[in-house]
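Participant: As you go down the protein sequences, you meet chains B and F in turn. Each residue of the first sequence is one higher than the last, beginning at 1 in this note's numbering. Each residue of the second sequence is one higher than the last, beginning at 1 in this note's numbering.
Just to be clear, a hint being listed does not mean it is correct.
Any copy will do: because identical chains look the same in the list, a pair fits if it lies in one copy or spans two.
[Said to hold, decoys possible] Computed cross-link-like contacts, DMTMM-like style, restricted to lysine to aspartate or glutamate with a CA-CA straight-line distance of at most 20 Å: (1) K263 / E159; (2) K93 / E103; (3) K93 / D294; (4) K256 / D290; (5) K347 / D208.
Treat the hints as calculated values from the structure; they're not laboratory data.
2 protein chains.
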Amino acid sequence: MHFSSKVTEVLGIKLPIIQAGMAGSTTPELVATVSNSGGLGTIGAGYFTANRLDSEITYVQELTDLPFAVNLFVPSEQLYVPENVEHMNAWLKPYRRALNLEEPVIDISEEQQFNEAINVVIEKGIPVVSFTFGIPKQSVIEKLKARQITLVGTATSVEEAIANESAGMDAVIAQGSEAGGHRGSFTVTSGDHTPLIGTMSLIPQVVDNVSIPVIAAGGIMDGRGIVASMVLGAEAVQMGTAFLTSEESGASTLYKNAIQHSKETDTVITNVFTGKPARGIDNEFIHKMDYYDDDIPDYPIQNQLTNGIRKAAAQKGNAQWTHLWSGQSPRLSQFVSASVLIDNIVKETRSILNK
Amino acid sequence: MHFSSKVTEVLGIKLPIIQAGMAGSTTPELVATVSNSGGLGTIGAGYFTANRLDSEITYVQELTDLPFAVNLFVPSEQLYVPENVEHMNAWLKPYRRALNLEEPVIDISEEQQFNEAINVVIEKGIPVVSFTFGIPKQSVIEKLKARQITLVGTATSVEEAIANESAGMDAVIAQGSEAGGHRGSFTVTSGDHTPLIGTMSLIPQVVDNVSIPVIAAGGIMDGRGIVASMVLGAEAVQMGTAFLTSEESGASTLYKNAIQHSKETDTVITNVFTGKPARGIDNEFIHKMDYYDDDIPDYPIQNQLTNGIRKAAAQKGNAQWTHLWSGQSPRLSQFVSASVLIDNIVKETRSILNK
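Next up, chain B with everything else stripped away, as it sits in the complex (with noise of 0.2 Å):
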């Protein structure tokens, strides 16, 4: 058996492996393991200010010669309405006066900072963006590819990836349900939820109906689940929880921990700790939430009302506080470097083909 790839000649990899850009977990050591053991690393640039981003690509670019990408939140409209973050400030007093926090002050220039991410990217010599929460601007778009930077969008459903398409992106990641992290959804469906396709469904429902390549992301953690994303049709995979466990990665021992005694039935959709629907793993914090009786606000309000006392809870070792994001594979995640990961994934996927 044999997968032909265009995707990885366009990305300039060796192996269809792509690193998930999971925002506050990538390091430059995780990106450049990666890119260095024949993938493709991605800065997970979702909540960076752009003087955060340009240092960080300069520290990987340090680290390695060969590609890698940087993922990008696109901005939405957001809602902000006072009463309604005034009530989850109150909500949120009793977790603020155990971890000794103030009030954060509330910053909605996600527009800004996305274009000034952009700019960086560009400056930076960037070869590759991925973006979640849907598509940019066509002025964007326009303005990556006149510097031929190849353009990866996220999609959750055919609509997505055809409007990723449509769009002009070079290759479209689809996300099935079993990912972790945050959830790429664009557009809501019947009963006003963000689509949930299992990756065995919406792999080949996409790979139908676009004419880019398709990378596979959900719930694949080793050379089975990378085979079979590439029977189903897809050229690569991207991977999230599998990095996420890795030394390189920069996820506490609390979260890796909380990953390594978990079940595949651990996880659940919520929307409480960024005002974005989200896979991770159930906690006292999204359980309490059930009990709040308005609507959560909006993504970035929430997240940034929620910030520091996911970050405060984590660092005195507390996990029922903190969004712990995995997918639907647990029981799969490898605790070595990302490169031992890399290697082992490989052998498994020869074995397989050699069969």
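With the hints as your guide, set chain F onto chain B.
Facilitator: Same frame as chain B, now just chain F:
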């Protein structure tokens, strides 16, 4: 690439393809056609009385000499709460009035019906019995095993798969969240949810934790899905929606049309039709039930309360008041004979393996 499949030997079939026992939608023609084409047909006997099952088996045996299976629903503890049923009957009154229906008499002799079905299966020499909604009592398992009947359980999590193996099942169906129709779950996870693990995540984690053969289910519709499932470690697949739209299926034209015109994002998990969670195409009956302010009666009570409404609505061409079970891959549906479907799948599988 080559796959070993002990399970085809155990089941006495040529192809690692099992037609799911879709209660209410299998016909003797469908079951026999699948078995005559080299797969394993399954009578969906979940709702059958012993008499109905007896005659259905006789009919299939006239159409094929090859092995086929019977799928049974394992009885569960249900709570008959009179006020609860009264409340639901009041809610359903407008539907019954519009369709000229009487209030049904509730029959909760599930256990007795199940035990009678077990006897029928033994008398008629059925070689394979599969179970949904749990594991039968040890006495039932021993009775069937004494007759060399092969037993196949259903699991939606690793824990449920291990329970099936421990109870003596010969193989286990791992049902991913993509699957249409009833969830086979018999445990609940934290937060009171039944497991909804995507097939890409579920299969390898189950395979790593049991030593009986694993049969993959959920989102599998074609050769790509079969090879992908076997790469993940499954030894066979079970397909429901793929056979539901076949010419031999008992699904109405209304129902098949609904699947043909649906998208991967159109299904939801709901317990409003039967009292047990199942995946189907979203419609008015499900939506309206959002405003119902009491618990839905347990299965099989709710199933009996809504059954007449669903049948009558379907007969009148009203797809909004009936269940439309479907998996998450409706775009991959084929509207051909089950034998042509299997032929297509075999050709596609060969072409993938020879690449």
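Participant: May I ask which of the numbered hints given earlier this structure violates, with the numbers listed in increasing order?
Facilitator: 4
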